[in-house]
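Asker: Take a look at the letters that make up each chain.
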Amino acid sequence: MKLKSRKLKKTTVIDFATYIGVILVFIVMNTLKSQGMLTRSLTGQLIPICCYIVMAVSLNLTVGILGELSLGHAGFMSVGAFSGIVAAMSLQSVIPSEPLRLAIALVVGAFFAAIAGTLVGIPVLRLRGDYLAIVTLAFGEIIKELINCLIIGVDESGLHIVFNATGTKSVNDLGLSEAGRVLIKGAQGATGTQTIASFTAGFILIMISLVIILNLVRSRSGRAIMALRDNRIAAESVGINVTKYKMMAFVTSAALAGAAGALYGLNFSNLVATKFDFNTSILVLVFVVLGGLGNIWGSIIAATVLTILPEALRGFADYRMLIYAIVLILVMLATNNPQLKALFAKLIPVRKGEEVNGQA
Amino acid sequence: MARLKSKNDSPLVPMPSDAYIPQRDLGKTPVLEARHLGIDFGGLTAVDDFNLTIGRTEIAGLIGPNGAGKTTVFNLLTKVYQPTRGTIMVDGYDTKGMSTVQVNKLGVARTFQNIRLFNNLSVEDNVKLGMHNQIKYGMVGGILRLPSYWKQERIAHERALELLSIFDMQDMAGAKAGSLPYGAQRRLEIVRALGTNPSLLLLDEPAAGMNPSETAELMENIIKIRDTFQIAIMLIEHDMNLVMGICEGICVLNFGKVIAKGTPDEIQSNPVVIEAYLGKQKEA
Amino acid sequence: MEFLSYLISGISLGSVYAIIALGYTMVYGIAKMLNFAHGDVIMVGGYISLLSMSSLGLPWPLAVILAMLVCTVLGVVIEGLAYKPLRSAPSLAVLITAIGVSYFLQNAALLLWGASPKAYTPIIAGSVKLFEGQLSISYVSILTVFMCIVIMIALTLFTGKTRMGKAMRACSEDKAAAQLMGINVNRTISMTFAIGSALAAIAGVLLCSSYTSLMPTTGSMPGIKAFTAAVFGGIGSIPGALLGGVLLGIIESLAKAYISTQLANSIVFAVLIITLLVRPAGLLGKYVPEKV
Numbered sequence: 001m002k003l004k005s006r007k008l009k010k011t012t013v014i015d016f017a018t019y020i021g022v023i024l025v026f027i028v029m030n031t032l033k034s035q036g037m038l039t040r041s042l043t044g045q046l047i048p049i050c051c052y053i054v055m056a057v058s059l060n061l062t063v064g065i066l067g068e069l070s071l072g073h074a075g076f077m078s079v080g081a082f083s084g085i086v087a088a089m090s091l092q093s094v095i096p097s098e099p100l101r102l103a104i105a106l107v108v109g110a111f112f113a114a115i116a117g118t119l120v121g122i123p124v125l126r127l128r129g130d131y132l133a134i135v136t137l138a139f140g141e142i143i144k145e146l147i148n149c150l151i152i153g154v155d156e157s158g159l160h161i162v163f164n165a166t167g168t169k170s171v172n173d174l175g176l177s178e179a180g181r182v183l184i185k186g187a188q189g190a191t192g193t194q195t196i197a198s199f200t201a202g203f204i205l206i207m208i209s210l211v212i213i214l215n216l217v218r219s220r221s222g223r224a225i226m227a228l229r230d231n232r233i234a235a236e237s238v239g240i241n242v243t244k245y246k247m248m249a250f251v252t253s254a255a256l257a258g259a260a261g262a263l264y265g266l267n268f269s270n271l272v273a274t275k276f277d278f279n280t281s282i283l284v285l286v287f288v289v290l291g292g293l294g295n296i297w298g299s300i301i302a303a304t305v306l307t308i309l310p311e312a313l314r315g316f317a318d319y320r321m322l323i324y325a326i327v328l329i330l331v332m333l334a335t336n337n338p339q340l341k342a343l344f345a346k347l348i349p350v351r352k353g354e355e356v357n358g359q360a
Numbered sequence: 001m002a003r004l005k006s007k008n009d010s011p012l013v014p015m016p017s018d019a020y021i022p023q024r025d026l027g028k029t030p031v032l033e034a035r036h037l038g039i040d041f042g043g044l045t046a047v048d049d050f051n052l053t054i055g056r057t058e059i060a061g062l063i064g065p066n067g068a069g070k071t072t073v074f075n076l077l078t079k080v081y082q083p084t085r086g087t088i089m090v091d092g093y094d095t096k097g098m099s100t101v102q103v104n105k106l107g108v109a110r111t112f113q114n115i116r117l118f119n120n121l122s123v124e125d126n127v128k129l130g131m132h133n134q135i136k137y138g139m140v141g142g143i144l145r146l147p148s149y150w151k152q153e154r155i156a157h158e159r160a161l162e163l164l165s166i167f168d169m170q171d172m173a174g175a176k177a178g179s180l181p182y183g184a185q186r187r188l189e190i191v192r193a194l195g196t197n198p199s200l201l202l203l204d205e206p207a208a209g210m211n212p213s214e215t216a217e218l219m220e221n222i223i224k225i226r227d228t229f230q231i232a233i234m235l236i237e238h239d240m241n242l243v244m245g246i247c248e249g250i251c252v253l254n255f256g257k258v259i260a261k262g263t264p265d266e267i268q269s270n271p272v273v274i275e276a277y278l279g280k281q282k283e284a
Numbered sequence: 001m002e003f004l005s006y007l008i009s010g011i012s013l014g015s016v017y018a019i020i021a022l023g024y025t026m027v028y029g030i031a032k033m034l035n036f037a038h039g040d041v042i043m044v045g046g047y048i049s050l051l052s053m054s055s056l057g058l059p060w061p062l063a064v065i066l067a068m069l070v071c072t073v074l075g076v077v078i079e080g081l082a083y084k085p086l087r088s089a090p091s092l093a094v095l096i097t098a099i100g101v102s103y104f105l106q107n108a109a110l111l112l113w114g115a116s117p118k119a120y121t122p123i124i125a126g127s128v129k130l131f132e133g134q135l136s137i138s139y140v141s142i143l144t145v146f147m148c149i150v151i152m153i154a155l156t157l158f159t160g161k162t163r164m165g166k167a168m169r170a171c172s173e174d175k176a177a178a179q180l181m182g183i184n185v186n187r188t189i190s191m192t193f194a195i196g197s198a199l200a201a202i203a204g205v206l207l208c209s210s211y212t213s214l215m216p217t218t219g220s221m222p223g224i225k226a227f228t229a230a231v232f233g234g235i236g237s238i239p240g241a242l243l244g245g246v247l248l249g250i251i252e253s254l255a256k257a258y259i260s261t262q263l264a265n266s267i268v269f270a271v272l273i274i275t276l277l278v279r280p281a282g283l284l285g286k287y288v289p290e291k292v
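Chains as they are written, first to last, in our numbering: chain A, 1 to 360; chain B, 1 to 284; chain C, 1 to 292.
If you are wondering where the hints come from, they were derived from the structure by calculation, not from laboratory data. Be a bit skeptical, because a hint or two may be false.
[Said to hold, decoys possible] Below, a list of computed lysine-lysine pairs in the PhoX-like style, where the Cα atoms sit at most 25 Å apart:
{"id": "1", "chain 1": "C", "residue 1": "Lys256", "chain 2": "A", "residue 2": "Lys169"}
{"id": "2", "chain 1": "C", "residue 1": "Lys291", "chain 2": "B", "residue 2": "Lys96"}
{"id": "3", "chain 1": "B", "residue 1": "Lys261", "chain 2": "A", "residue 2": "Lys10"}
{"id": "4", "chain 1": "A", "residue 1": "Lys341", "chain 2": "B", "residue 2": "Lys96"}
{"id": "5", "chain 1": "C", "residue 1": "Lys175", "chain 2": "B", "residue 2": "Lys257"}
{"id": "6", "chain 1": "B", "residue 1": "Lys257", "chain 2": "A", "residue 2": "Lys244"}
{"id": "7", "chain 1": "A", "residue 1": "Lys341", "chain 2": "C", "residue 2": "Lys291"}
{"id": "8", "chain 1": "C", "residue 1": "Lys175", "chain 2": "C", "residue 2": "Lys291"}
{"id": "9", "chain 1": "B", "residue 1": "Lys151", "chain 2": "A", "residue 2": "Lys10"}
{"id": "10", "chain 1": "C", "residue 1": "Lys256", "chain 2": "C", "residue 2": "Lys166"}
{"id": "11", "chain 1": "C", "residue 1": "Lys175", "chain 2": "A", "residue 2": "Lys244"}
{"id": "12", "chain 1": "B", "residue 1": "Lys96", "chain 2": "A", "residue 2": "Lys244"}
{"id": "13", "chain 1": "A", "residue 1": "Lys185", "chain 2": "C", "residue 2": "Lys256"}
{"id": "14", "chain 1": "B", "residue 1": "Lys105", "chain 2": "C", "residue 2": "Lys291"}
{"id": "15", "chain 1": "C", "residue 1": "Lys175", "chain 2": "A", "residue 2": "Lys346"}
The shape of chain A in the complex, shown without the other chains:
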């Protein structure tokens, strides 16, 4: 009994520390921002950082907690971004309140990304290991190309959608009325989007994601998801439905990525689908791995630091991506090579037990 209460406390403490940390950082940043004490580049990065944090935390659910490698997470972000933009822009006249429209856009983004997640998940989750990874990569690229072919406009009669598969169609094929507006122009992407994303919305989205993921992990469903990661055959032997829980984790992860995408999309007046390519998926995966598999606050810190870092290295101009690459390789070697790890363990006193059931 004693042991249990102590253990409950430990995980609860980590969860609450994560929540409180995020709240404190938000208050500090918001104050600094309103006082005009942040540099312009950092102010401009606040919302993207929020999006990447949600991306990292949600991908951690798939990679760290479910234990399946996904290389196509940006695809779900893309689905969320463009569906969110369409929702927000087409409701412009109906719902004048910006925060409400933003909230609806996030929900729409999450919803369409969840549908995409379900469609992708059904075939993908039947595969294992590296095969699953390559297929998620393939789906990410497919989503990118499909969205690249979309032309969407809106007028008083509703949405007009044209799928430009052959490259011969243009905005004129939408058949919009005089009052109509084009929202997405195929390969040129979304243009003239009203940027209604706000830092506060980003903060709220992070908090919601944290509540969903941390509470999920500590619940019956989360245990089942982690059981699949640790030993699928044993999980089946105790009556855990593999497909159900894999889908649960995958779709939840996709939906959160969709919400993050919608926030991201509504932060820029112009956005192209090629922004959400393989490299973006990899970028988010790097956050997750460097932050620690299954370690939620690690993902938050990694996403923040690694989004700011390339900007901070601007002084090094052309060398910054090279430095980024070298740092990445060195960190992976330092944290995974047995000899180097032993060396670091001697130099730095060990911190232990801070993970949320991370993989060893």
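Given chain A's structure and the hints, the job is docking chains B and C onto it.
Answerer: For chains B and C alone, coordinates are given in the frame of chain A:
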């Protein structure tokens, strides 16, 4: 060889949280009935014409030389492999076409020869995972922490500690399963399987790697489990002291075929069995 | 006639994919890692051959050999510095490291040779005209297919007949057992990277000759597609890489011509996904179920 008696006077594990204790029908239907069971792997017959009936609270043994197909029989009974031939009835239900998960819900639980725990999770979470299908709240209840979450988790916690107390493991509840010593890992697998509320428990070499005193303790515990939970237990084991000491019926497998069945005394004096284990004796 | 010309360009493109896929498949087979930097080694091969032809004025066969040498050394150095220390690490750590190496190569190329595309003169110009000029096949296409076949045969003989080749097969089957049999596993893995990288250099020259342009990111998409080809054909299998590469090239070429230029990659990837659902280990791969 001393037969351990079923000790009905031994103190039973206290089970106050009877929420999960099943209403068992201790009627006449056998808990398991396998008829003409067989499986081929690419033309190679691994198990053939396997017939077995296990009664409600029977302790049965499955023995045989290495490679005889014992674990394959377990894999067939739990539907890790779908049998090529034959039928498996659990509690009177035909399991044709069922998956591992469905068979487990019917009441078949197992342990593994090469231990398969959820290594990164705590001992308690491992047991709670065994109880997964008895804990009744969904994804939304868990995320929003509705009253059902708190209530069900509290009951599950108590029940998990009770189950762990069978092997005196309640103090380890917070430890990572992967960090436990070998013997404790084997015992935890049994507890986890019991969590699924089985009517038939399949133990694959439960005493492997244990010393004689640990094995003796395990034997008592197996009988205690049978008596407390009123379930049937079938075990694969190479330790003949254990098998002959607690099994009421024994089935001997060689080259995928049943070569003998009977009580421990019958098996021990059966020439076919002796031949299978020791090889053919030359005519004197 | 039009169809035939698309088919031939598909086979030629597919042969390049096949050569890259051979490198991928060998490395995957033995090191069980997705070497995302493989595509960038192709790019390096392209630049080296271009520079040695344009700046040093070397004839193309020498340029190709020089590119192969540089890439071989590069491959072995990458393996030794970045992958070897992670031999026992989780596969995700190795994957991220490979991505780091890929970023490194791309950005180093960016600094050395600039971001703007460079024109690449095909190593052999001209084409054969068939059917009274209705069908023209470039010499580069013919050379590509020829090289692919030669490499295929050479590799099959190498892995089947030589000591080193047999050691490679043993290592990809079971490293611990191979070590117990006295095979130097580390040397074998280095050797695999050397061969894979040399093949990447050849692929780089052939790829650039048919695309006639080169930039630091040239290698990534062909790299990913070649990996898709390797998985499609059954990863770890040499004939699988050839089959997967050629089929993928044909599908891509025909999809571009008859369905949609925009969606050509999607169609290629969709074929991969469907194939894996029907045959989880690819066309020629062996499916090994998990032992309980």
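Asker: With reference to the structure, classify each hint as holding or not holding.
Answerer: Comparing the hints with the structure gives:
1. Lys256/C x Lys169/A: holds (17 Å)
2. Lys291/C x Lys96/B: Satisfied, since the Cα-Cα distance of roughly 22 Å is no more than 25 Å.
3. Lys261/B x Lys10/A: Distance of about 53 Å is beyond 25 Å: violated.
4. Lys341/A x Lys96/B: Violated, at about 52 Å.
5. Lys175/C x Lys257/B: violated (35 Å)
6. Lys257/B x Lys244/A: violated (37 Å)
7. Lys341/A x Lys291/C: violated (33 Å)
8. Lys175/C x Lys291/C: OK: Lys175/C and Lys291/C at ~19 Å, within 25 Å.
9. Lys151/B x Lys10/A: holds (20 Å)
10. Lys256/C x Lys166/C: violated (41 Å)
11. Lys175/C x Lys244/A: Violated. Lys175/C to Lys244/A sits at ~36 Å, over the 25 Å cutoff.
12. Lys96/B x Lys244/A: holds (22 Å)
13. Lys185/A x Lys256/C: Roughly 22 Å between the alpha carbons, so the hint for Lys185/A and Lys256/C holds.
14. Lys105/B x Lys291/C: holds (23 Å)
15. Lys175/C x Lys346/A: This hinted pair is violated, its Cα atoms lying about 31 Å apart.
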